[in-house]
Amino acid sequence: MRFFRGFGRQEAPAASSAVAKQRLKVVLVSDQMRVSPGLMAAIRDDIVDVLSRRLDVDRDGIEVTITPGRNNTDELTARIPIRRAARARL
Amino acid sequence: MAGHIVTITSGKGGVGKTTTTANIGTALAMQGRNVVLIDADIGLRNLDIVMGLENRIVYDLVDVVEGQCRVRQAMIRDKRFPNLSLIPAAQTRDKEAVSPDQMAELTRELAESHDFVLVDSPAGIEQGFRNAIAGATAVVVVTTPEVSAVRDADRIIGLVEAAELPPPRLILNRFRPDMVKRGDMMDVPDVEEILAIDLLGVVPEDQTIITSTNRGEVAVFDSHSPAGSAFKDIARRLQGETIAFPRYEAAQVGVMSRFLRALGFARV
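Order-wise, the sequence lines are chains D and V.
Just so you know, numbering that gives the first Met the number 0 puts 49 at position 50 of the first sequence, and the rest follows in order with no gaps.
Just so you know, numbering that gives the first Met the number 0 puts 159 at position 160 of the second sequence, and the rest follows in order with no gaps.
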């Protein structure tokens with residue numbers, strides 16, 4: 000079966016164990032920091048509001064996560080799709 | 000010198016706390032230690048049936064703390080080992096029937112005359128859990144390599160540390176090397192990295208657990224049981240011995256076994 004999986008797909012799906020580990024890392028950080036989903040939503044909205052002044056941001060495609068970073072810190076990562084570079088407004 | 004009071008807990012239900020308590024307790028007794036097990040899961044008692052002692056209950060934990068009987072009267076002696084006994088949970092009461100102070104007092108009293116007092120904690124983070132850790136000198140967290148169990152284990156570890164107890168140690172239960180090999184299950188280092196506590200043992204998934212529990216026996220009696228062997232190692236580590244962690248590898252399945260399995264011979 001694995002042989003056939005190669006056709007028609009550019010990349011094999013990640014092993015489920017790797018997905019589990021990654022998801023756990025993310026969820027445990029928010030569990031431990033007690034960052035509520037509401038607070039995360041507020042942060043996301045603020046980021047969008049600022050960027051929207053200059054860029055055409057795809058609001059629905061945004062992902063904001065907090066994950067363990069280097070040196071015992073946590074890292075906020077935002078993935079923000081932009082529809083097209085909007086003209087800089089003066 | 001007083002004995003160890005070890006609480007076995009997990010957060011999530013169904014990961015094997017009771018089986019772990021029964022097997023470690025029996026292994027410690029087989030290794031010559033004086034052991035008493037306490038089922039702290041009031042209202043949902045099960046350690047009695049897993050140990051095969053369910054028909055011998057007269058008094059229970061709530062009777063003891065309420066002074067209805069002496070501690071000795073509630074201790075059911077194991078069928079095989081006179082140095083192993085069980086104080087069962089009450090079945091018709093709730094967790095509030097016992098307080099953390101009462102549990103701490105009882106476990107300390109028992110530790111005077113036993114090498115090990117093992118407390119089987121209920122699932123959850125409410126009073127039943129707080130009762131279970133009240134007197135603990137060591138805490139063991141049981142988890143399985145599943146996201147829900149690991150997440151709850153992390154929560155429990157935080158609560159144990161907040162209670163200013165020593166850092167808990169981890170038992171990874173129902174481990175399946177075959178699934179790890181295929182990338183379908185988190186490996187031991189993955190779970191260790193996420194939970195960041197010391198590993199006490201890895202217990203492989205083993206059908207003996209179900210068949211022996213069916214009979215009211217424990218897997219450590221079965222010298223061929225991989226889980227039983229892992230529990231015996233864990234019992235030795237609890238006594239301070241250094242026992243190497245066996246590396247569980249996926250079983251090599253030969254052509255003939257595959258053929259027989261395909262024909263329905265499941266145990267080949």
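Hints in this document: simulated from the structure, not taken from any laboratory.
Errors might be hidden in some of the hints.
Stated by the list, open to error - Using 27 Å as the maximum straight-line C-alpha spacing, the simulated BS3-like pairs for lysine-lysine come out as follows:
#1 K11(V) - K180(V)
#2 K78(V) - K20(D)
#3 K24(D) - K11(V)
#4 K180(V) - K20(D)
#5 K24(D) - K180(V)
Satisfaction of hint between K180(V) and K11(V), Cα-Cα up to 27 Å: holds, 26 Å
Is the straight-line distance between the alpha-carbon of K24(D) and that of K180(V) 27 Å or less? Holds, because 21 Å separates the two Cα atoms, which is no more than 27 Å.
Taking only the CA atoms, is the gap from K78(V) to K20(D) under or equal to 27 Å? violated, 43 Å
Restraint status (C-alpha distance of K180(V) to K20(D) at most 27 Å): holds, 15 Å
Given the hint that K24(D) pairs with K11(V), test it: the Cα-Cα distance must not exceed 27 Å. holds, 18 Å
Taken one by one, the earlier hints fail for this structure only at number 2.
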